[in-house]
Each structure stands twice: as C-alpha cells, then as structure tokens.
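There are 2 protein chains.
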Amino acid sequence: MKKSSLTILGCHSSIPTNKFHPTSQVLEMKGFFFLIDCGEGTQVQLRKAKIKFNKIIHIFISHLHGDHFFGLIGLLSTFHLLGREKSVSIYAPKGLKEIIDVHFKWSYTKLKYCIDHIELSSKKLEKIMENEKIEIFSIPLKHRIYANGFLFREKPSNRKLNIKEIKKIPDIQIGDYPNLKLGKDFKTNNGRVIPNFQLTFDPPKILSYAFCSDTSFYLPIIEYIKYVDLLYHESTFLKTEENRAMKTGHSTANQAAYIAKRAKVKKLLLGHYSNRFPNIKEFEKEAKEIFFNVEASEPLKTYYL
Amino acid sequence: MKKSSLTILGCHSSIPTNKFHPTSQVLEMKGFFFLIDCGEGTQVQLRKAKIKFNKIIHIFISHLHGDHFFGLIGLLSTFHLLGREKSVSIYAPKGLKEIIDVHFKWSYTKLKYCIDHIELSSKKLEKIMENEKIEIFSIPLKHRIYANGFLFREKPSNRKLNIKEIKKIPDIQIGDYPNLKLGKDFKTNNGRVIPNFQLTFDPPKILSYAFCSDTSFYLPIIEYIKYVDLLYHESTFLKTEENRAMKTGHSTANQAAYIAKRAKVKKLLLGHYSNRFPNIKEFEKEAKEIFFNVEASEPLKTYYL
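Chains as they are written, first to last, in this note's numbering: chain A, 78 to 382; chain B, 78 to 382.
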C-alpha cells in the first residue's frame with residue numbers, strides 16, 4: 078500500500094489562466110482516490126498528473142463558487158464519453174445536482190453510469206462517509222456562501238504479524254493469526270502467556286488530512302482539525318490585505334499559519350492564492366513567521382502525509 | 078480597418094486534453110469580435126491568442142453538447158470578476174439560459190453586466206442579427222440534437238473617393254462627397270456628366286464566413302453557404318469511418334470537401350477532429366482529393382478571409 082499523499086492539480090483562486098489553475102486536488106488514501114474540488118481544466122490537469130479517471134469514485138465539492146467546480150460537468154461528461162460504468166458519489170452543497178441535471182437534460186444525455194448525490198448542509202462537523210478503511214467528515218467553514226472543508230482520516234489497521242517470533246512458538250497455528258492481529262496475547266498449551274507485542278509489530282500510524290478552503294479566519298475549525306498530519310488551508314491574501322480578506326470571506330497566510338499552530342498540525346500547505354501575487358513563496362515566508370512546517374502548494378506536485 | 082480573420086482557439090471534438098482543445102473560435106469582422114462556440118478552456122485559449130475579453134460582445138453557441146459550451150460559464154464568470162460592465166449577447170439554442178441561470182443562482186452571484194439571450198430554434202436559414210456593417214444568419218444543421226451553424230456576411234460599404242481625380246474637377250465640393258460614395262455620377266455646372274467610376278474606387282470586396290459544426294453530411298446547407306470566402310466545416314472522421322460519422326451525426330473530410338466544392342466556396346477549413354486521429358494533415362489530404370483550397374485548422378492560428 079502506498080503512503081497517503083495529496084496531489085495538487087490547481088491552487089489558485091478565481092480566474093484560470095495558462096499558469097494559474099483553480100482549486101482541485103486528489104487525495105490518495107488507503108488505495109482510494111478522492112477528488113476535492115474541480116475548477117475549470119481539472120480533467121486536463123488530471124491527465125498531466127497521470128491520475129486515471131477510473132480511479133476516481135468520490136468527488137467532494139467545497140462550495141458553489143465557479144473556481145471550485147466549473148470543471149466538474151466536463152469531467153462527468155468525459156467519464157460518459159469514455160464509456161464509464163462505475164458509479165460516482167458527489168458530496169456537495171445543495172444546488173450542484175440541479176446544475177448537473179440541467180446540463181444533461183439539454184444535451185439529451187443519458188449517462189452510462191450512475192451519480193449518487195450526497196447533499197451537504199451541516200453547520201457543524203459531520204461524518205459524511207465511512208468505509209472499512211477511512212472516515213470522512215465535513216468541516217463547517219465561514220465564507221460568503223455555504224462552504225465546507227473536509228477531514229479525511231484513516232481507520233486504525235490491524236497489528237502486523239512478526240512471523241520470525243511466531244515461528245519460535247510451535248503452538249501458534251494459522252487460525253490464531255486474526256486474534257494476534259487484533260492485539261490479543263497468546264496462551265500456549267502449557268498455560269504460558271506470551272504478550273502480543275512480542276509477536277506483532279505496531280500497525281502503521283493513522284494518518285489524516287484536512288482541506289479548508291474557502292474560508293475566513295475562523296477559529297471554530299481548530300478543534301476539528303487538531304493534530305492532522307496535513308492541513309491545506311487557504312491563503313488567498315497576504316497580511317497586507319487582511320481587510321480585503323475579511324470582506325471577501327478569505328484568509329491571509331498569516332491567519333492560516335495561526336490556525337495550523339493552534340491546531341498543532343504536523344504540516345501546513347497553503348493555496349488558493351489570489352492572482353495578484355506573482356510569487357507564491359511570499360505566502361510561505363509570511364506563514365513561517367508563525368508556523369515552521371509550511372509549504373506553498375504548487376500544481377502537479379505531490380505531498381506525502 | 079483590419080482584414081476579416083478567423084482565429085481558431087480549439088478545433089478538436091469531445092474530450093479536452095493538454096493538446097486537444099474543444100471547439101471555439103473568434104471571427105474578427107469589420108472591427109467586431111464574434112466568439113463562436115466556447116468549449117472548456119476557452120478563456121485560457123483567448124489569453125494565449127491575446128484577444129481581449131472586453132472586445133467580445135457577441136457569443137454564438139451552435140448546440141448544447143459540452144465540447145461546444147462547457148467553457149462559457151467560466152468565461153461569463155470571469156467577465157464578472159474582472160468588473161465587466163458591457164453587456165453580452167448570447168445566441169444559442171433553448172436551454173442555455175436555464176443552464177447559465179442555475180449556476181449564478183447557486184453561487185448567489187448578481188452579475189455586474191447584462192446578458193441578452195437570443196434563443197435559436199429555426200429549422201431554416203434565419204437572419205438573427207444585423208447592424209450597420211454586418212448581417213448574421215443561423216444555418217440549420219443536422220445533428221443528434223438541435224444544432225445550427227452561422228453565416229457572417231459583411232454589408233456592402235461605400236465607394237472610396239479618388240481624391241486625385243476629384244481635385245481635377247473644381248466644381249466638386251465636399252458636400253458632393255456623400256453622393257459620390259453612394260455611386261452617383263457628377264454633373265458639372267456646365268452640364269457635363271462625369272461617370273462615378275472615374276471619381277471613385279471600388280469598395281472592398283464583401284467578405285463572408287460560414288461555420289458549420291456539428292453536422293452530418295447535409296446537402297441542404299449548400300444553398301446557404303454559396304460562394305462564402307471561408308467555410309469551416311466539421312470533419313470529425315476520415316472516410317474510412319463514414320458509417321460511424323453517419324451514426325453519430327458527423328461528417329468525414331471527404332464529405333466536407335464535397336460540400337465546399339458544390340457551394341463553390343473560396344476556401345475550406347476543416348476541424349472538430351476526433352482525438353483518434355493523431356495527424357490532422359490526413360484530413361487535409363483526404364479533402365484535397367475533392368477540393369483543392371483546403372486547410373486543416375490548428376489552434377491559435379489565424380486565417381484571413
């Protein structure tokens with residue numbers, strides 16, 4: 078199993094240009110590929126990142142401003158043209174289903190695959206999906222329209238067998254393995270108890286990722302994203318434009334760093350840069366004054382959790 | 078006044094990739110910039126072609142398949158973000174207004190500029206717009222859903238004054254110029270009639286452009302596009318796939334050339350290539366067997382009428 082990672086497809090705000098791609102990213106976690114936001118041009122960025130369309134089953138849309146979903150209808154249409162049969166689940170605020178439906182109504186398209194729409198409306202942390210390996214939560218954000226972030230968390234996996242040590246105890250049969258993986262001690266035929274930690278290794282650390290964009294500087298999210306391994310927090314502006322950030326429902330790099338520090342996250346990724354700042358390293362520099370482990374995200378770069 | 082020209086932004090069909098851009102083009106005629114179709118990524122292609130967004134007032138959408146309009150909502154949204162105040166007129170089949178409205182409803186966007194929607198539904202040639210310099214008609218096409226092409230035609234302009242010859246006739250006053258421009262002969266004070274052609278030059282030739290995509294091989298269009306200076310006719314396939322073309326409502330290069338020949342157009346541009354053909358020169362080669370003055374259109378190239 079590959080280590081969980083985040084591939085940035087686009088990390089700029091509002092207007093797409095040849096160099097600036099609006100928000101979109103793919104989280105690979107426990108073998109799942111989660112597409113988060115889908116600005117115009119996402120399908121071309123996916124190709125450049127060599128991520129196979131068919132791996133994407135779950136799509137998360139933070140809010141209905143165009144720079145976060147104008148590429149979605151094109152991607153869904155391409156799925157259809159490529160003969161996709163696997164269904165897609167879309168987690169998004171109310172309205173997206175209507176937008177998608179009206180497109181396919183007027184092109185008289187009957188999709189070859191099924192779309193499951195999960196409408197998000199919660200104003201507090203809410204578990205929106207769970208399977209055997211992962212839990213996903215929506216995070217309430219504060220923006221000009223209803224918006225939420227997402228928290229992705231691996232579930233604890235079983236302990237790993239230490240085959241070398243196990244072989245030394247002839248009483249242990251293959252049928253005992255499941256209990257060992259669950260952490261149980263082993264009792265030999267003559268009553269000796271062998272502690273589990275002598276027979277198994279720790280499972281891999283549980284990793285988590287939080288996506289928070291678009292949002293004002295909003296302290297309530299801190300409790301939801303505590304200790305995540307990677308936090309992507311928007312930083313549309315630098316602190317010189319704090320007023321503009323507040324007025325438009327966005328954050329500065331400084332504020333993103335403050336959130337990261339207070340939430341004690343392992344690493345902070347910045348993004349959703351306004352096009353008015355040509356050098357994104359300025360965001361990193363500003364955030365570093367407050368929180369050391371920070372990076373200004375770049376398109377087509379992969380970050381490991 | 079610059080000579081009328083057509084700049085191709087995209088000329089491939091269906092799925093956008095890094096190299097293949099879906100249909101979009103800008104016709105510059107008599108100082109107007111007409112955007113014809115608007116596949117995903119059009120706004121980025123416009124930037125690459127260095128066409129200023131603000132010059133575009135009229136947008137023409139042939140039909141509601143995604144590769145012809147999925148870039149429109151992004152472009153309209155960008156107009157808004159850039160503070161546009163000039164209104165936009167959109168000529169498109171029924172449905173597009175609903176699609177646009179639903180986007181802005183859910184993003185709670187109140188556009189800073191006005192959109193005039195002109196709904197196209199005619200099944201015969203119809204004049205859809207006219208101003209002092211240009212006439213525009215919709216051309217009925219034959220496709221899987223309602224689709225139309227467009228015919229753009231310059232209006233005749235006035236004759237140009239031959240100042241050198243005029244100066245030789247002292248009787249001619251500035252007040253006589255308008256009549257000379259309209260082609261009237263001049264009568265001197267002593268009754269001599271000087272024929273207009275001795276005092277003026279011919280006006281520039283009236284130019285015309287026809288856009289026909291997407292369409293099956295459809296003979297009725299011939300009468301509408303007769304003698305145009307430039308015809309863009311789709312050629313999604315080569316003749317080896319004539320059956321597929323027929324089934325999907327498209328044409329082959331061969332068929333496009335046949336239409337061009339029968340309509341006696343001056344030049345034929347091919348486009349809307351299926352991605353399955355990596356070498357677009359094959360389309361040109363096939364069409365040349367029937368019609369000599371043909372070119373396979375390429376993105377970001379400008380063709381003069």
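Simulated from the structure, these hints should not be mistaken for laboratory data. Hints are supplied without guarantee of correctness; some may be wrong.
Copies of the same chain are indistinguishable here, so a pair counts whether it falls within one copy or spans any two.
Stated by the list, open to error - Taking lysine to any residue and the SDA-like style, the derived pairs with C-alpha atoms no more than 25 Å apart in a straight line are:
1. K171 - T186
2. K244 - E203
3. K210 - N256
4. K232 - S199
5. K187 - R221
Hint by hint, here is what the structure shows:
| no. | hint | result |
| --- | --- | --- |
| 1 | K171 - T186 | both (22 Å within a copy, 16 Å between copies) |
| 2 | K244 - E203 | neither (45 Å within a copy, 86 Å between copies) |
| 3 | K210 - N256 | within (19 Å within a copy, 85 Å between copies) |
| 4 | K232 - S199 | within (23 Å within a copy, 59 Å between copies) |
| 5 | K187 - R221 | between (34 Å within a copy, 13 Å between copies) |
In this structure, only the earlier hint numbered 2 is contradicted, and the remaining ones agree with it.
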